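Asker: Those protein sequence lines, which keep their order, are chains A and G.
With this note's numbering as the guide, the letters of the first sequence map in order to residues 1 to 870.
With this note's numbering as the guide, the letters of the second sequence map in order to residues 871 to 1031.
Just so you know, the hints here were simulated from the structure itself, not pulled from any lab data.
Where hints are given, some of them may not hold.
A few chain G residues that don't get close to chain A, going by computed Cβ distances all over 12 Å [what the hints assert, rightly or not]:
hint	residue
1	Arg885
2	Arg898
3	Leu916
4	Cys917
5	Ala933
6	Ser934
7	Asp962
8	Tyr964
9	Ser967
10	Tyr975
11	Ala990
12	Leu993
13	Ala1007
14	Gln1018
15	Gln1028
16	Ala1029
In silico PhoX-like pairs for lysine-lysine, Cα to Cα no more than 20 Å straight-line [to be verified]:
hint	chain 1	residue 1	chain 2	residue 2
17	A	Lys181	G	Lys998
18	A	Lys359	G	Lys900
19	A	Lys210	A	Lys162
Here the structure is a predicted model, which is why all the values come from computation and not from measurement.
Here a beta-carbon is modelled for each residue, glycine too, at the ideal position from N, C-alpha and C.
Okay, here's what each chain looks like letter by letter:
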Amino acid sequence: MIGDMIRAIRACKTAAEERAVVRKECAAIRASINEDDQDYRHRNLAKLMFIQMLGYPTHFGQMECLKLIASAGFPEKRIGYLGLMLLLDERQEVLMLVTNSLKQDLNHSNQYIVGLALCALGNICSAEMARDLAPEVERLLQFRDPNIRKKAALCSIRIIKKVPALAENFINCAASLLKEKHHGVLITGVQLCADLCKVSSEALEYFRKKCTEGLVRTLRDIVNSPYSPEYDISGITDPYLHIRLLKLLRILGQGDADASDRMTDILAQVATKTESNKNAGNAILYECVETIMSIEDDGGLRVLAINILGKFLSNRDNNIRYVALNMLMRATTLDAQAVQRHRATILDCVKDSDASIRKRALDLLYLLVNDNNVKHLIKELIEYLEVSDQEFKGDLTAKICSLVEKFSSEKIWYIDQMLKVLSEAGNFVKDEVWHALIVVISNASDLHGYTIRALYRAFLTSTEQETLVRVAVWCIGEYGDMLVNNVGMLDIEDPITVTECDAVDAVEVAIKRHTSDLTTKAMALIALLKLSSRFPSYSERIKGIIVQNKGNVVLELQQRSIEFNHILQKHPKFRSALVERMPVLDEATFSGRRAGSLPTAISTSSGAPSNHPNGIAKPATAPIPDFLDLSSDDVPAPSSSGGDFLQDLLGVDLSPTPAPSGADMPPKASTDVLLDLLSIGMPLPVQTGLSASDILSSSQDDKAPFVNFNGLASLSSLSANATSPANAAPMMDLLDGRGPGPQKSEENGQAYPSLVAYESSSLRVMFNFSKQRGSPQTTLIQATFTNLSSNVYNDFLFQAAVPKFLQLHLDPASSNTLPASGDGSITQNLKVTNSQHGKKSLVMRVRIAYKTNNKDVLEERQINNFPQNL
Amino acid sequence: MIHFVLLISRQGKVRLTKWYSPYSQKERTKVIRELSGLILTRGPKLCNFVEWRGLRVVYKRYASLYFCMCIDEDDNELEILEIIHHYVEVLDRYFGSVCELDLIYNFHKAYFILDELLIAGELQEPSKRTVARLVAAQDSLVETAKEQTSSITNIIAQAAK
């Protein structure tokens, strides 16, 4: 018996016991299924349904459902259909087998069996079944019994959602359902019409013309109807019908002034007459408000609607407040002024104890912030940040940061607010946010002193906020001298006495703090190196701190401390030049990178607005060994970029020839950072764009040590990193003054035919391929774009995306203007690394965007015809 | 539309699940786990809505059972509360002051009633009396069929004697 099984399962004390019972039952059911025992079939299925509800697999019972449905009796069919709906869903192939039984049952003489079939069809039918059985359902919309008609109406909704093309068959029948008196048929009919409007504009037009009057009349009748016990809910006759009628009217009125006009009277009546002391009434008012705000209206009704929302907002019931906030959000686009009036209440809701309400209110408040109220609201929000729940802090912080950034016209205000956020909830601040803060600080040269002092104060009080520590450490490294000497004192500041010793202490605290993560510690190390030059008298102490990290278990830190120690010890004359203050970080580039930093495999070459080649490729690396005068003739491909140089500089490897391969070179991460350090103070145009994130890039380096630890900072990963070679350039200037002579990259070892990758009436794209010797996986592609039309193309942008097994690097294009009629071309270099070399060919999706005659053109194409073996 | 209906006990046991949108068995388990974590932990005075994966879940607690319905963002949450109550009232009328045990041992009945109330995630009948009448009519069909079979088996049994 099923009851026995349920009792047995309920008696289980542990999950293991329960599993055992279920396993035994399932085995018995399987055995019974194999014997094809008809008498127990429905009992078995009932058990299976219960077992399924507990989350166990029951697929083996699916066929039993079909057998029960195919049997003649009502009890079998009833349980069979129930099982079908519970054990199967529309994605199972087995479901198709039931189509025939369904068809027979839809034509059955017993209306309850027809009802069962309609219910099953409405709940789980697939697109194929919808197509097969739509005529049956359509016919049943006119069945004599209203209970079948209402089921058929809902079933039709499922059908038209699955196959929108069938919608037009249902328009007429649906319209006739609107004239029904039976409430069940009426609400389902209205719902069907609403769904038809969503999938078919033809239906929308039809109902708008033919049915608006009738619907308004029906709504009026139901609003004014006398008490009817059957449909009454807290004094209102059939609120469900009210709501569905309002919803359909909304769809019909939206974007149509005439239809809207016809419904304004009844909407006004509903809005004013509906009782608002019970949930049912409020549900109707809520729907009515939404309809009023969606239809075309002169504004009189809207005032009414916003007033209702205002009343909702001050309601004590949390549900009502929640929906009010939800609706006000939509109202902001219509009448921001009216919503602004409720700002104080909304702000209170942000501080509510209910997480759902807080979230709604915060989203709404976010929309309400403007230039006039931003200071006040941000102050309130930051104050609330101190006391808010931990789980809400993330959301709240993100919103505050976004707002502060959006309204950051006054730099000092921006910096102040960000510092407050960092000290309160620094651990919730996202990387790009504090990166942006550093960029802004770097740009606000008149505020450097003020900022560093404010940061220092904040740092003393809240060291547990990771991002605050990072920003503080970075600033102390850069502007430590200003901290000590009270440079650039503002009137509003209190004077503060900080000694050089205090500044070094602060960084030491940061590096020794056990909660500091790798990024913070790495930043602290760099800051120390910088301070050693700012405060020469503390140089020895700093060296001491750095040396302590020489044995650090994290390879990254160990490496850096060794390197820095070398700089301090062996290259004192370089030091001050190396650690000069960072050039001002370029805000435009940074925000551009942020906007463009999508996590896809698309690499976009910036359309080179300022035309500085911020992605100079490999050639720059070649001269390094030369000017260092290390016999470079027998050096293999210098693909390890700055790696050799770094080693040389640090004197790590003083053997006459540099290490023969790049594979055991110093790891990429530290290379970068050191390179960055080295390039500091070289305000070359080349620098500005990159350094912002390079110095910040340490945060992405967390994983690097592991890669490196395997000794596998592989050639490709090194060379794929476009920034390091770029940074190599100024470094050479530093040491030698020799410019990076244009050097050809490795000659291709093997010739491949050129490929017309893309050709349309307006544009031709040619690909020339070459390979680097020694790295067969990597293909260099030179793309040449030719304009075949008679108009000039501006803002030319080529983008490419590749599947995961490929790695793509795109260099900047030679220009972003393509002259007309093939009179010149643009070239752009791509580098593709195929991790499945030899197994899979290259494939690429390209998108080309440009402007011609002030029109934006976008062309897309998949390129599959690459030569084999690339 | 209503994407699914869940009945969860205060201990997190599932008492009824009805899916109107396709969710695989694996997703279903995950959904139930996520939602019971979200809903069962909420305090008594808070609002009856939670936002979840871009959808809303409206729930209401009756004694030890949470009735949850998941809807689209633009559906009327307040109305869903009424529908939940509607269902509970029909159950109450059918079982005569319903309790959790009724729903455990007669879970199929709870499904039959729900199927007279909702199809395709939409409300089908606003009248409690009609729902009760339709369910009762089908129950009696089952009873008659049972009586018939038992009388046939009796006849056969007697004939066999």
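Asker: Under the constraints set out in the numbered hints, which ones does this structure not fulfil?
Answerer: 1, 2, 3, 4, 10, 11, 12, 13, 14, 18, 19
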